[in-house]
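Since the structure of chain Z is provided, determine the placement of chain A on it from the hints.
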Amino acid sequence: MFLPDFDYHAPETLAEACDLVRDLGPSAKVLAGGTDLLIKLKHGLVTPTAVISLKALDELKTITHVPGRGVVIGARATHNDLVNSPLLHERFLSVSEAAHKLANNQVRNRGTVGGNLVNAIPSADLPPILIALDAWITLVGSNTSRTVPLHSFFTGPSCCVIDPVDEILTEIVLPDQQTTGSTYLKFALRRSGALSVTGVAVAVTMDGDTIVDSRICLGAVFPVPVRANDAEDLLRGKTWSDELLAEAGEAASCCALPITDIRGTAEYRLDLVRVLTKRALKRAITEGHV
Amino acid sequence: MKREYVNIGGRLPRVDGMVKAAGEAMYTGDLSLPGMLHGKLLRSPHPHARLLKVDTAPALTLEGVRAVITGEDTLKFLAGGIASPGNEPYLAFEKVRFVGDAVAAVAAVDEETAERALALIDVEYELLDPVLDPFAAMAPGSPLVHDDAPGNISFETDLSFGNAQRAFATCDYVRYDEFKTAPIRHGFIEPHAALASWDTSGRLTFWGSKQSPYFTYRNMAKALDIPMSKVRIMQSYLGGGFGGKNEMFNLDFCAALLSMKTRRPVRIVVSQEEVLYAYRQRHPAWIKLQSGFMKDGTLVAVDAEIVAEGGAYKGIGALSLYLMCTFLALPYRVANLRAKGCRVYTNTQPSCAMRGHGVPQVRYAAEVQLDMAARELGLDPLEIRLKNAIQSGDTTGNGFEITSCGLSETLLEARGIVERWRGETPADSEPHLKRGIGVASYGYLSGPRMAGHNTSAALIKVHEDGRVGLVTGSTDCGQGSDTVLSQIAAEVLGIHLDDVQYGGMDSEIVPLDPGVFGSRVTFITGNAVKWAAEDVRAQLAGVAAGLLDAEPDDLEFRDRRVFVRDEPDRGLPFAKLVKSAQYSGTGMTILGRGYWAPEDIDLPRFDTGMGNQSGAYSFGTQVAEVEVDTETGRVKVLRLAVSHDCGQPINEMLVEGQLEGSSIGGIGHTFTETIQRRRGQTMNASFLEYRMPTALDACPVEVTHTDTVDEMGPFGAKESGEGVQVAVMPALVSAVHDAVGVWFKEVPITPEVVVEALGRGAEAAQNADARRGADARRDSRDDGRSRDGESA
Numbered sequence: 001m002f003l004p005d006f007d008y009h010a011p012e013t014l015a016e017a018c019d020l021v022r023d024l025g026p027s028a029k030v031l032a033g034g035t036d037l038l039i040k041l042k043h044g045l046v047t048p049t050a051v052i053s054l055k056a057l058d059e060l061k062t063i064t065h066v067p068g069r070g071v072v073i074g075a076r077a078t079h080n081d082l083v084n085s086p087l088l089h090e091r092f093l094s095v096s097e098a099a100h101k102l103a104n105n106q107v108r109n110r111g112t113v114g115g116n117l118v119n120a121i122p123s124a125d126l127p128p129i130l131i132a133l134d135a136w137i138t139l140v141g142s143n144t145s146r147t148v149p150l151h152s153f154f155t156g157p158s159c160c161v162i163d164p165v166d167e168i169l170t171e172i173v174l175p176d177q178q179t180t181g182s183t184y185l186k187f188a189l190r191r192s193g194a195l196s197v198t199g200v201a202v203a204v205t206m207d208g209d210t211i212v213d214s215r216i217c218l219g220a221v222f223p224v225p226v227r228a229n230d231a232e233d234l235l236r237g238k239t240w241s242d243e244l245l246a247e248a249g250e251a252a253s254c255c256a257l258p259i260t261d262i263r264g265t266a267e268y269r270l271d272l273v274r275v276l277t278k279r280a281l282k283r284a285i286t287e288g289h290v
Numbered sequence: 001m002k003r004e005y006v007n008i009g010g011r012l013p014r015v016d017g018m019v020k021a022a023g024e025a026m027y028t029g030d031l032s033l034p035g036m037l038h039g040k041l042l043r044s045p046h047p048h049a050r051l052l053k054v055d056t057a058p059a060l061t062l063e064g065v066r067a068v069i070t071g072e073d074t075l076k077f078l079a080g081g082i083a084s085p086g087n088e089p090y091l092a093f094e095k096v097r098f099v100g101d102a103v104a105a106v107a108a109v110d111e112e113t114a115e116r117a118l119a120l121i122d123v124e125y126e127l128l129d130p131v132l133d134p135f136a137a138m139a140p141g142s143p144l145v146h147d148d149a150p151g152n153i154s155f156e157t158d159l160s161f162g163n164a165q166r167a168f169a170t171c172d173y174v175r176y177d178e179f180k181t182a183p184i185r186h187g188f189i190e191p192h193a194a195l196a197s198w199d200t201s202g203r204l205t206f207w208g209s210k211q212s213p214y215f216t217y218r219n220m221a222k223a224l225d226i227p228m229s230k231v232r233i234m235q236s237y238l239g240g241g242f243g244g245k246n247e248m249f250n251l252d253f254c255a256a257l258l259s260m261k262t263r264r265p266v267r268i269v270v271s272q273e274e275v276l277y278a279y280r281q282r283h284p285a286w287i288k289l290q291s292g293f294m295k296d297g298t299l300v301a302v303d304a305e306i307v308a309e310g311g312a313y314k315g316i317g318a319l320s321l322y323l324m325c326t327f328l329a330l331p332y333r334v335a336n337l338r339a340k341g342c343r344v345y346t347n348t349q350p351s352c353a354m355r356g357h358g359v360p361q362v363r364y365a366a367e368v369q370l371d372m373a374a375r376e377l378g379l380d381p382l383e384i385r386l387k388n389a390i391q392s393g394d395t396t397g398n399g400f401e402i403t404s405c406g407l408s409e410t411l412l413e414a415r416g417i418v419e420r421w422r423g424e425t426p427a428d429s430e431p432h433l434k435r436g437i438g439v440a441s442y443g444y445l446s447g448p449r450m451a452g453h454n455t456s457a458a459l460i461k462v463h464e465d466g467r468v469g470l471v472t473g474s475t476d477c478g479q480g481s482d483t484v485l486s487q488i489a490a491e492v493l494g495i496h497l498d499d500v501q502y503g504g505m506d507s508e509i510v511p512l513d514p515g516v517f518g519s520r521v522t523f524i525t526g527n528a529v530k531w532a533a534e535d536v537r538a539q540l541a542g543v544a545a546g547l548l549d550a551e552p553d554d555l556e557f558r559d560r561r562v563f564v565r566d567e568p569d570r571g572l573p574f575a576k577l578v579k580s581a582q583y584s585g586t587g588m589t590i591l592g593r594g595y596w597a598p599e600d601i602d603l604p605r606f607d608t609g610m611g612n613q614s615g616a617y618s619f620g621t622q623v624a625e626v627e628v629d630t631e632t633g634r635v636k637v638l639r640l641a642v643s644h645d646c647g648q649p650i651n652e653m654l655v656e657g658q659l660e661g662s663s664i665g666g667i668g669h670t671f672t673e674t675i676q677r678r679r680g681q682t683m684n685a686s687f688l689e690y691r692m693p694t695a696l697d698a699c700p701v702e703v704t705h706t707d708t709v710d711e712m713g714p715f716g717a718k719e720s721g722e723g724v725q726v727a728v729m730p731a732l733v734s735a736v737h738d739a740v741g742v743w744f745k746e747v748p749i750t751p752e753v754v755v756e757a758l759g760r761g762a763e764a765a766q767n768a769d770a771r772r773g774a775d776a777r778r779d780s781r782d783d784g785r786s787r788d789g790e791s792a
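Going down the list, the sequences are from chains Z and A.
Straight run, no breaks: the first sequence in the numbering used here ends on number 290.
Straight run, no breaks: the second sequence in the numbering used here ends on number 792.
Looking at chain Z on its own, in the form it has when it is part of the complex (with noise of 0.2 Å):
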């Protein structure tokens, strides 16, 4: 249960962290929170030779709009950074409230947003709500930049499609938008210190009680955050009622692929599904972003 030994390094400009990635390769890892890396480290789950901590890189730790391109988050942001900024309270207050229900304080004042991405397990509470409002990612290699949507970044439980040996994710994007509202449910075993049995993140775009168009994104149910496109068609262009919302559940449900672990059944997970899904859409219907 110790820190094994290898070499630090702490790069004082992005530049010099993706030559340092490009140059280590697979050998080192790319350090932000702490909050994954250092338990896995101590249970030598990994076993890097070289840490890069970003520690120094401030540049990615502001949260701001830049006009055209939406609300920026750098992605050394912490957990705490979103819970408290009042860019987010103003614009997307449910990803605030997601970064809220994560963890605990102690955890959510060093993890980061860029690492519980790139960490990438599929009971992650960020990525539900990132994707349900379209976000997309940077990805900044040593000669190269390029934007993913979030919703294609994860190819599997601890994978995503940051190139390991080039690329470090420097920001989220949150593009403006018409949706009219969003909001992340979360359901777990304690209210807080818990990791979600299942969480459902929606984004509506509403016209009068017309749904427009919707985003779903299933969290700790299939082996990636993923949407529920049957759910989202199926409401199209409908008028919402409590009766539409449910089947909208039913219909999510159908999207889920869960496991069985210590903290509840597929089945079970299914259930939640069914609920949280219906819950969520008359959130965000009736109260915006929240």
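What the hints contain is simulated information worked out from the structure, not anything from laboratory work.
Keep in mind that a hint or two might mislead.
As the list claims (entries may be wrong) - Calculated lysine-lysine pairs in the DSS-like style (CA-CA distance at most 30 Å, straight line):
id: 1; chain 1: Z; residue 1: Lys-42; chain 2: A; residue 2: Lys-53
id: 2; chain 1: Z; residue 1: Lys-282; chain 2: A; residue 2: Lys-295
id: 3; chain 1: Z; residue 1: Lys-40; chain 2: Z; residue 2: Lys-29
id: 4; chain 1: A; residue 1: Lys-180; chain 2: A; residue 2: Lys-53
id: 5; chain 1: A; residue 1: Lys-180; chain 2: A; residue 2: Lys-76
id: 6; chain 1: A; residue 1: Lys-53; chain 2: A; residue 2: Lys-76
Chain A alone, transformed into the frame defined by chain Z:
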């Protein structure tokens, strides 16, 4: 007869509060000595295996490793055992019996080296079939955890009085139910820790993290085969115990033996993960319960078969089983009872005492069944309890003598709470949210009589400035006993709480004292302190009588003064009196000595459960209100209330702390906590996945004191704390039933379990309504009454 006290009954802040809050309190893991080595234990990864080889040579070659010990280096002392000899080696030899059983221990210059050395110890196991379920363990032909325990039976208790079987035939209503409780953990935040220092004179100094340091003191001398005079045990601050730090453990022994081998101090602090998978748990219990009633609710007969999973070793499990049987019916009167208990070995971590010690399991079953019977008989849950409530002066069929008892008063108090809450509770706000209220009562002992030594002791040393030092063998594991005991000394001596300094536990100074378990400290150690303070007072009164020309019996000690009763001006300051006594003539050493245990308490008959076990019994009633989400199955505990009789509270704030802690702990036991195992491996050995309630899961707890005065208790006090732990589960389970009409006979009631019971989707809420409606109809059919505020 109540009287006014200065230091008793108020809301005095705890004496160790500031030091703990400031982070200055030193726990065993914080201590270090020059040249200290760090120890680690190698643990079995298998639930059941024969040890073929333990080769420590490779580990010894690692730089920084100073010693490695195995079972072969020990005297093969077997620890534990009440009612019969123990069977737990501190380091395994021949066999390992659960995942986490210790096989070897290393001392090295730092923890990292010690941990690395563990990986170099070469252990060869021959895997044996494990027994992982108590019923499979009892089946013929099952592998044996201990060769000398056929059928894997660890201990049996068979308590019988009256004639339950015959009495059932006379009952108007008999019901049978099967209940099950979960293996749960104590959840203390300070992990087990030990620091041992052996010197060449053959003397061992040991700092432990113990509720009962004397148990370790005694066992340490035996296990190392050294005289008790050569063992010195000290106790620093303790970060929680809840019954899980009573015994001497392998780390304590290994720290001492490694220190002997290396002639260096050795400290071992285990990780929280090790605490969770390799140390103790509460006995999970399977309870088959049959109860018979008359139409008016009179409880006539009870018959129970209890199977308790003991895990790999005996420990103090015989006492656990005995308590499960003897508390089957308390706090109610019953003339016919049979309780057949069986503790069974399995290849899992050993079960031991935990807050309430066996009683919460059986009383969960009995209280819930009482509620079920009340519904069937059309009686109010509070009425059926009042009908059967035990009273002062009663003696139970097995010999418990109930001296003071305010149970009925607590039930009447609870009735007021229930009525108020029903009035305040809004109608179900949304179709899927259902609210319910439940009640349950308890009785508990103020210190169990153990087989051996049972007397607590206290010493008070008076300083020349009029301040005093107090030591006892009790340790403050968070319950506040340092404060309570200091208050008692201050009250007797007429000085302020600030004037009493509670000293730490040190076997060099403190007389033999069993320590902290079974809610014994306030009642038993409190009396010892009272006696020690009275001894001081008598010595000083003799001197003061001469100075004041008065009779010693006419003197009053109050507000740091000693004066002739009713003549407050004829007196002198306490400090001046002390100085006079110490400085005049040959001079006196004012040292007060007290020891106490209740007289005429029977030695426990572990096999038959007969005999009076304690000098006093506490009582109380718990009320719970919950809200059930029928779609997700989540139960939110909205509020809890305790109305209790702990005699005269010594410190109301500490009593409330105890009651609140027990209540919130019960939320975890009822809804979230269980050890999840697969093939003997613990799957949730972390506080992330072993889900104790957090502050956010807690709820307000209303506390009402029903003060009785116990004639035997110090200033009339009885136990407070463990008792409440007994009634929380059934009150919550009853509240859930009130909300959704389902009885849950197994805990924990996870959200998934609720969903399974109610059915899925929208029908769940309708099912809940239908079940509740059926109850209400039955109530009104049976006696023309509807339940409070529900069917209207």
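If you check each hint against the structure, which ones fail? 2, 4, 5
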